[in-house]
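These protein sequence lines map, in sequence, to chains F and D. Heads up: the first sequence begins at 415 in my numbering, then just goes up one per residue. Heads up: the second sequence begins at 4 in my numbering, then just goes up one per residue.
Because the hints were derived from the structure by calculation, they are not lab data. Treat the numbers as computed from the prediction; the structure is a model and nothing was measured. Hints may be right or wrong, so weigh each one.
Stated by the list, open to error - When the alpha-carbon atoms are kept at most 30 Å apart in a straight line, the in silico BS3-like pairs for lysine-lysine are as follows:
#1 D/Lys63 to F/Lys415
#2 F/Lys471 to D/Lys109
#3 D/Lys52 to F/Lys471
#4 F/Lys471 to D/Lys55
#5 F/Lys415 to D/Lys59
Spelled out from the first residue to the last, the chains are:
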Amino acid sequence: KAGVTQTPRYLIKTRGQQVTLSCSPISGHRSVSWYQQTPGQGLQFLFEYFSETQRNKGNFPGRFSGRQFSNSRSEMNVSTLELGDSALYLCASSAPGRQGTQYFGPGTRLLVL
Amino acid sequence: GNSVTQMEGPVTLSEEAFLTINCTYTATGYPSLFWYVQYPGEGLQLLLKATKADDKGSNKGFEATYRKETTSFHLEKGSVQVSDSAVYFCALSDASGANSKLTFGKGITLSVRP
Numbered sequence: 415k416a417g418v419t420q421t422p423r424y425l426i427k428t429r430g431q432q433v434t435l436s437c438s439p440i441s442g443h444r445s446v447s448w449y450q451q452t453p454g455q456g457l458q459f460l461f462e463y464f465s466e467t468q469r470n471k472g473n474f475p476g477r478f479s480g481r482q483f484s485n486s487r488s489e490m491n492v493s494t495l496e497l498g499d500s501a502l503y504l505c506a507s508s509a510p511g512r513q514g515t516q517y518f519g520p521g522t523r524l525l526v527l
Numbered sequence: 004g005n006s007v008t009q010m011e012g013p014v015t016l017s018e019e020a021f022l023t024i025n026c027t028y029t030a031t032g033y034p035s036l037f038w039y040v041q042y043p044g045e046g047l048q049l050l051l052k053a054t055k056a057d058d059k060g061s062n063k064g065f066e067a068t069y070r071k072e073t074t075s076f077h078l079e080k081g082s083v084q085v086s087d088s089a090v091y092f093c094a095l096s097d098a099s100g101a102n103s104k105l106t107f108g109k110g111i112t113l114s115v116r117p
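Using the sequences and the hints, build the whole thing.
Given below as structure tokens:
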């Protein structure tokens, strides 16, 4: 089975812009979660989608949003980018009934200038 | 809320040395516990897991035992290799099982020298 894929792998934006990141889960996985990884804060949970519905949300401002499509692919969007949004954004998917075991993609590294 | 505490790093060992990375947690209920590893420039890979008290997870020579009485899940390996150099994260899942959220420790960088 192909693993979790994320596009793009690298992205450079300027403050105030918006960005959309994409994630394709492992085939058959219906849950997709997003995490932000920074040197200072470590790995922080952003949100989780299951069957096109947001099932859980972390403590991030409303500038961070996401959605999931009927084929389980997911996108996350960050509007009005700030310098502090520079991070590695990781997507993870899990199989039905095995929610705790997540499989991660390689991440999208976002640099905000 | 849930939290995971890992020992401070980084850790530098010689090849074939014994490895212990401490991890303790705070959670309500009975979460599942995980160790993930991140190699340079890559995402996280699941190393091992344990889903209930006294379970031992193992993979690639690494082991960790779910200790409910001490709320710990320490990672051990008897003989490390240079290829084990990476960042290691301890994590726990939501005990309700209703969602997939993982709570991570801050991670610890392991460097193994030949």
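Hints versus structure:
1. Of the pairs offered as hints, the one joining D/Lys63 and F/Lys415 holds, with about 21 Å between alpha carbons and a cut-off of 30 Å not exceeded.
2. Simply put, F/Lys471 and D/Lys109 have alpha-carbon atoms about 20 Å apart, close enough for the 30 Å limit, and the pair holds.
3. Only pairs whose Cα atoms come within 30 Å are accepted, and D/Lys52 paired with F/Lys471 is accepted, the gap being roughly 24 Å.
4. Restraint check for F/Lys471 and D/Lys55: the C-alpha separation of about 26 Å stays at or below 30 Å, so the hint holds.
5. Distance hint between F/Lys415 and D/Lys59 is fulfilled; the C-alpha atoms sit about 27 Å from each other, no more than 30 Å.
Going down the numbered hints, you'll see the structure goes against none, and every one checks out.
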